[in-house]
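Engineer: Heads up: the protein sequence lines correspond to chains W and R, in order.
Just so you know, we're using our numbering here: the first sequence kicks off at -15 and counts up by one.
Just so you know, we're using our numbering here: the second sequence kicks off at 22 and counts up by one.
The hints are simulated quantities; they were obtained by calculation from the structure and are not laboratory data.
Incorrect hints may have been included.
Stated by the list, open to error - Taking lysine-lysine and the DSSO-like style, the derived pairs with C-alpha atoms no more than 27 Å apart in a straight line are:
#	chain 1	residue 1	chain 2	residue 2
1	R	315	R	439
2	R	324	R	478
3	R	478	R	211
4	W	70	R	478
5	W	68	W	163
6	R	211	W	68
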Amino acid sequence: MGASSSASAGTVESRVVTTRLSRWRFRNRRWVGWLFILPWVIGFLIFDVLALVLNFYFSMTNFTVGARVPDWVGFANFQQAFTKDKLLGLSFTNTVYYAGLSIPLGMLVAFVLALLLNADIRGRGIFRTVYYLPSLVPAAASAIIWLFILRTRNGVLNQFLGLFGINAIPWLGRPEWAKPALILMSLWSFGQQMVIYLAGLQGIPTELYEAAEIDGASWLQRLLRITIPMMTPMLFFNLVMGIIGSFQVFTAAFLMTQGGPLNATLFYMLHLYNNAFRYFRMGYSSALAVLLFLVILTLTLFVNKTSGRWVYYGGA
Amino acid sequence: MSKKLSRREFLTLGGIMGLGAVLAACRPAAPTAAPTAAPAEKVEEPTEKVEEVEPEPQPVTETVTVEWMNWWGDQREALMDTCIERFEEEFPHIHVENQVQPWDNREQRAATAIASGTPPGLLMVTRAEAQKFAVEGLIVPIDDYIQIRGHDVYDIFLESEIDAMKFMDKTWSYPLPGSFLDNTMWFYNKNIMREFDMDPDVPPVTWQDVDTAMAAMTTFEGGLLETLGLAGPNGYFYSHIYCNNGQYYSDDARQLLFNSPEAVETVEWKVALLEVAGGIESHSAFFEGLDWQKADHPFYTNKLCMQPHNVSAFGHFNTITSEMYNDTDQWGVMLVPYNGNNPSAKPTGISGLAFTWNQVIGAALPANVREAAYEWLEFYTMREEGGGYFLLSQGRPSPVRRFNENPAYYDANPYWDKVREIMEYDIGVPTTPVQTEIADILNRNLDEVWYGMAEPKDALDATYDEAQPILDAFWGEA
């Protein structure tokens, strides 16, 4: 009897524990979600957070390629950047020039095309696909295509300009034309921005347009008073992404001009790359990366700060 | 009693399995082969200074894989695969993986591969990169192997070539394909010479002859170059200084000498040639989108006469237009011209200053992989059925002296006698790991000259002022 009751008590206790555990698991079932995103979190921690922290650390060292522990040099790399690096200012100016033109032009082209592709026309899906396709072309393939488009002799662009009696322009051979040529090339990959604008355009309530039409608003008035204000969140997003992307412009110059002619296309990232992988000055390159990070962060914060004045999120 | 799996349990299980798979995929790669003698071979940590590594010739019984990371695509990949087959027949316990890499981001790929801690068995890098990796202790010298095998490398290789593999009194690689004839040999098109009433059997010998030929054969149509006497007159400054009795580096590589009067005169000669071509923009436009490996290169279409090119040109030339390649009535090779106005000047080629491949062995590799990598390195550089075959098939001379005596070269290369004669004009020069940076500074300043924004002397002086401190800093730390 005693043994039996003892066993029974143990079973009851076991059930209680199991039940409590089940309840705990049920109450704290968010761990399942965490489990699913864990691979991404691990990747984020290692490849983003850790890389960022290490970059800050390396920017204060004389780190080079190799396994030895680098020496701490404090702010010497930053001092060198501002006092000795003859190409830093030039590469930054080139980058600002590129960003200053490519961002607004890219946004404008993508927005206009999104407006056109939002119209109720036959074959709209095909047009959308066709216009999006260039965004899927790998950068190296794009570079080869554009080298043929921009060739001085028999280049597609120069042949087109020749129809209007314009002499052949050495797009990639003359310093003053090289940056505009790469900006022109950057417009080629407007597809991703365009898709975001298209999604935004389709989210604008049609009642607004109907009401405006009843009030006698013209197409331009509808665009300026309804479409653009309603699209400001998308414009804001693309502006921020454009700033981040254009300040890191690299591939086109790396593949097509290698920074030339006369360093006209030596963008900041190309200068950073040269220091890192051609001269193996990893510590110094890390300092350059920190400076670029601060510039992009400042610009992004500035745009974010001003967004309250011009971005409409609905509501009051 | 069977219990149904709820959706939540199924997802939980799936998540756990997925996580497990990710973690498994992220684990360090297993060694390519187990060490044979020592059960747990300790991977050597690279140290701050160059490390002596003693080869450990052990009887190898298990297959060792050597990852051979290189940049040799095109027709060379198949040739290398054949070399590997022959090697593996002789060394069945070693498997060589021919890992041909794309050229894009080459520097980044090389640096990350060697610094990763799990480098490939053998890595093809430039001389400056090899020197930098040597300073950082990332690669191992092969002197001990040379000593154990009893090789007299100066007897085996051309002196200028094996010297280009040495740095800090150690040997880091064997040369292949070698950088001799990098700038000593020019190709010339006889068809265009005939078109402009020039004797195709008498190519230019001096700079003054080049001036004459350039003026005669350079023509324009609609403001654009139609035919051109010499390709890239603004190129090869570093070697053309030597054709004017100048120098780039001092013999100990501690002093830059490229702002001498001879060097200034060399740049002035190049500026004058560029002007004949209509300036740098006109010249660049002529070659836009074209290179030696394309059939529409102006040399193959008889629009260009003289083209300096290294010996890789033979293989590409033969691949693109074997008909023209085998017809010596259409083209020829000539010795680099020298300044006929300078009594001390003579034709000279520079080996290894601008570029030469080193094949290096990573210090972080297990000893048995290093051993296998060395076997492969020796086979495909020194052995006739390896590097000898690889270069002969491309009609390229070899840095191994005796291979060049192979009569088969006369079938592979229609100008073999001439090529061997030109090889005698090559000299080796020392460099340092900061050579890339110095060369970039030089090119940047010379660009200003080509664009008419600076005088040659000012540009070279400015280069010296910026580059010499970098060289001094390197030697200060070395």
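Engineer: Please list, smallest to largest, the hint numbers that this structure does not respect.
Structural biologist: The structure breaks hints 2, 3, 6; every other hint is satisfied.
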